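A.B. asks: Here are the chains, one letter per residue:
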Amino acid sequence: MRKLKLSTVLDHAVLIAGSLFMILPLLMLLQMTTVPDTEIIRTGPSLTIGDQLDDNFRKAMFEASGFSGENTGLSMLKNSMILGIGFAFGKIVLGMMAAYAIVYFRLRFATFAFWLIFTTLLLPLEVRILPSYEVVQWLGMLNTYQGLIIPLIASATATFFFRQFFRSVPEELVEAARIDGAGPVKFFIDILVPLSQTMIAAMFIIMFVYGWNQYLWPTMITTDEDMYTLVRGIKQIVQVLEGAVVPEFGRSNVLALVAVIPPVLVVVFFQSWFVKGLTESDK
Amino acid sequence: MKRAGFTTVSLPVLLLLPQLVIIAVFFYWPTVVALQSSFYLQDPFGFGSTFVGLQNYIDLFGSREYRRIASFTVVFSLLVTFFSLAIALVLAVKADKVLRGARTYRTLLMWVYAVAPPVAGFIAVIMFNQSWGPLTEFFGFFGHDYMVGVNFNDTAFSMILASVWKQVPVNFIFFLSGLQSIPRSVREAALIDNRSASGRFWDVTFPLLAPTGFFLLIINITYSLFDTFGIVDIVVKGEPGNNPMTLVYKVYVDGFRGNDLGGSSAQSVILMVLVLALTIFQFRLIDRRIHYT
Chain A
336 MRKLKLSTVL DHAVLIAGSL FMILPLLMLL QMTTVPDTEI IRTGPSLTIG DQLDDNFRKA
396 MFEASGFSGE NTGLSMLKNS MILGIGFAFG KIVLGMMAAY AIVYFRLRFA TFAFWLIFTT
456 LLLPLEVRIL PSYEVVQWLG MLNTYQGLII PLIASATATF FFRQFFRSVP EELVEAARID
516 GAGPVKFFID ILVPLSQTMI AAMFIIMFVY GWNQYLWPTM ITTDEDMYTL VRGIKQIVQV
576 LEGAVVPEFG RSNVLALVAV IPPVLVVVFF QSWFVKGLTE SDK
Chain B
133 MKRAGFTTVS LPVLLLLPQL VIIAVFFYWP TVVALQSSFY LQDPFGFGST FVGLQNYIDL
193 FGSREYRRIA SFTVVFSLLV TFFSLAIALV LAVKADKVLR GARTYRTLLM WVYAVAPPVA
253 GFIAVIMFNQ SWGPLTEFFG FFGHDYMVGV NFNDTAFSMI LASVWKQVPV NFIFFLSGLQ
313 SIPRSVREAA LIDNRSASGR FWDVTFPLLA PTGFFLLIIN ITYSLFDTFG IVDIVVKGEP
373 GNNPMTLVYK VYVDGFRGND LGGSSAQSVI LMVLVLALTI FQFRLIDRRI HYT
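Protein chains in written order, with the working numbering: chain A, 336 to 618; chain B, 133 to 425.
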């Protein structure tokens with residue numbers, strides 16, 4: 336009995352160590368936002384909690400840090416929201432439409448279309464960086480929301496995910512709908528979409544986080560500071576810190592925290608949906 | 133396809149069209165351009181280009197720098213994959229076992245999933261700040277003068293640490309869901325047959341988790357090759373210099389900053405082949421995936 340207790344204590348010790356490994360870096364960022372920058376330069380992160388958070392938050396969110404005076408934290412937050420939501424929404428709509436066409440219609444080239452979508456998995460953005468940029472430039476979409484979102488929203492993952500789900504929907508439903516005289520559009524909107532609610536929610540959470548966290552693409556195609564997202568802005572923050580006489584760690588850490596908090600809250604609050612979506616979509 | 137599917141032709145075509153158009157314009161077209169320009173030598177000032185055959189590839193494989201970056205990428209990927217899998221497995225096994233606080237631990241161990249890679253890089257930059265970074269001081273305590281951006285190994289270590297930190301939660305989520313899908317009956321049978329906990333783990337739990345592990349192996353290799361871009365970019369602060377970098381970062385530096393279109397395209401094509409190989413490997417694994425339960 337005593338041995339069992341020891342092993343339980345050990346289990347908790349390991350889990351607490353793991354949890355600290357995960358959370359300490361974030362607490363450190365937070366602590367640094369509460370003390371004056373001059374103190375950080377002298378001592379670095381410490382255990383004292385100061386009263387500068389309000390001040391740093393105001394500077395980060397409402398004062399611009401770049402050259403144009405347009406990239407305040409607030410404007411970056413807005414751009415990140417637009418990217419995250421537009422990205423998730425686009426992927427889900429396109430994925431559902433394609434999956435519906437593939438599963439529910441007698442289409443000769445359905446398999447071919449499926450393979451066309453599938454092969455995009457072989458072409459991550461990172462392997463076609465420059466030509467993708469040139470296409471967007473040629474279409475005049477640099478520094479626009481369309482340019483930021485549209486090239487990213489084709490989604491093999493979402494298409495697979497909904498294809499799997501639609502296949503599991505009982506055959507009788509579509510038969511019954513047809514007997515009742517429902518056409519394909521009505522069946523999709525009135526029956527299939529409401530049935531997919533949980534799946535949509537799970538996908539939305541994953542895709543929102545994924546879109547919000549995009550870095551390479553926004554770095555390439557947004558050069559106007561008022562189009563920066565928070566995650567893209569991190570690079571500028573680091574460069575400004577490097578060049579400054581008194582680096583404003585308070586302000587930059589607030590921005591880093593604002594870049595992290597919305598997706599983290601989404602993941603934590605919708606944990607069970609998120610885990611379900613993640614473990615079922617990637618297999 | 134469903135047996136009782138609809139027979140309309142125009143509607144499904146319309147439904148597929150947006151996705152296929154985006155794929156054609158933003159996936160296939162750039163890929164064809166990349167393939168094509170990998171056989172050309174671009175004038176740096178944009179005045180035309182000459183066909184050079186395989187010269188770009190020959191140059192790449194002959195370049196010491198490229199070989200150095202390629203071998204660094206291999207080492208980097210192996211270390212990141214190994215440590216993020218190992219740490220996550222230990223944590224998942226423990227989180228599956230404890231009764232008290234299981235939910236709290238789960239949340240604390242998985243929220244980092246939502247942190248963007250460049251933010252992980254930013255945290256590393258602060259932790260390893262030259263004058264007061266907590267981890268710099270930690271290494272200083274052991275007499276090592278830690279210098280990110282100056283010392284090659286130090287920079288590499290910071291990148292690896294940030295990448296592992298960012299990747300542990302994904303693996304944790306998958307391992308935990310794999311563990312929780314092991315039927316109670318199997319666990320109870322194992323409990324009767326084998327009294328040592330570690331024996332039970334290696335003989336029963338570990339083989340049952342193998343399919344999840346193989347799947348995660350590919351996911352992690354892909355992550356360390358591609359998704360660590362943000363971490364690398366922030367840790368080297370956009371100054372590649374003599375710093376360690378991954379193959380993907382090199383494509384970006386040469387193509388986007390150095391304007392070496394041919395060389396960068398040839399590198400892109402090499403990466404495409406790599407992704408292709410990984411994907412084929414992954415699907416062969418899924419085909420052979422063993423299910424004991």
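Misleading hints may appear alongside valid ones.
[As the list claims (entries may be wrong)] Each pair of labels, with its calculated beta carbon distance range: (1) B:145 x A:480: 24 to 34 Å; (2) B:328 x A:506: 43 to 53 Å; (3) B:312 x A:342: 17 to 27 Å; (4) A:377 x B:373: 26 to 36 Å.
[Said to hold, decoys possible] The calculated lysine-lysine pairs, modelled on DSS-like cross-linking and capped at a C-alpha distance of 27 Å, are: (5) A:394 x B:369; (6) B:229 x A:340; (7) A:394 x A:413.
Read the hints as simulated data drawn from the structure, not as lab findings. Being a predicted model, the structure only gives us computed values, none of them experimental. In this text, a Cβ means the ideal position worked out from N, Cα and C, and glycines have one as well.
A.B. asks: Each hint needs a verdict: does it hold in this structure or not?
C.D. replies: Against the structure, the hints:
1. B:145 x A:480: 24 to 34 Å: holds, 28 Å
2. B:328 x A:506: 43 to 53 Å: About 50 Å separates the Cβ atoms of residue 328 (chain B) and residue 506 (chain A), which means 43 to 53 Å holds.
3. B:312 x A:342: 17 to 27 Å: Distance hint for residue 312 (chain B), residue 342 (chain A) holds at roughly 20 Å.
4. A:377 x B:373: 26 to 36 Å: Holds - the Cβ-Cβ distance for residue 377 (chain A) and residue 373 (chain B), about 29 Å, lies within 26 to 36 Å.
5. A:394 x B:369: holds, 23 Å
6. B:229 x A:340: Holds - the C-alpha atoms of residue 340 (chain A) and residue 229 (chain B) are around 13 Å apart, at most 27 Å.
7. A:394 x A:413: It holds: about 17 Å lies between the C-alpha atoms, which stays within 27 Å.
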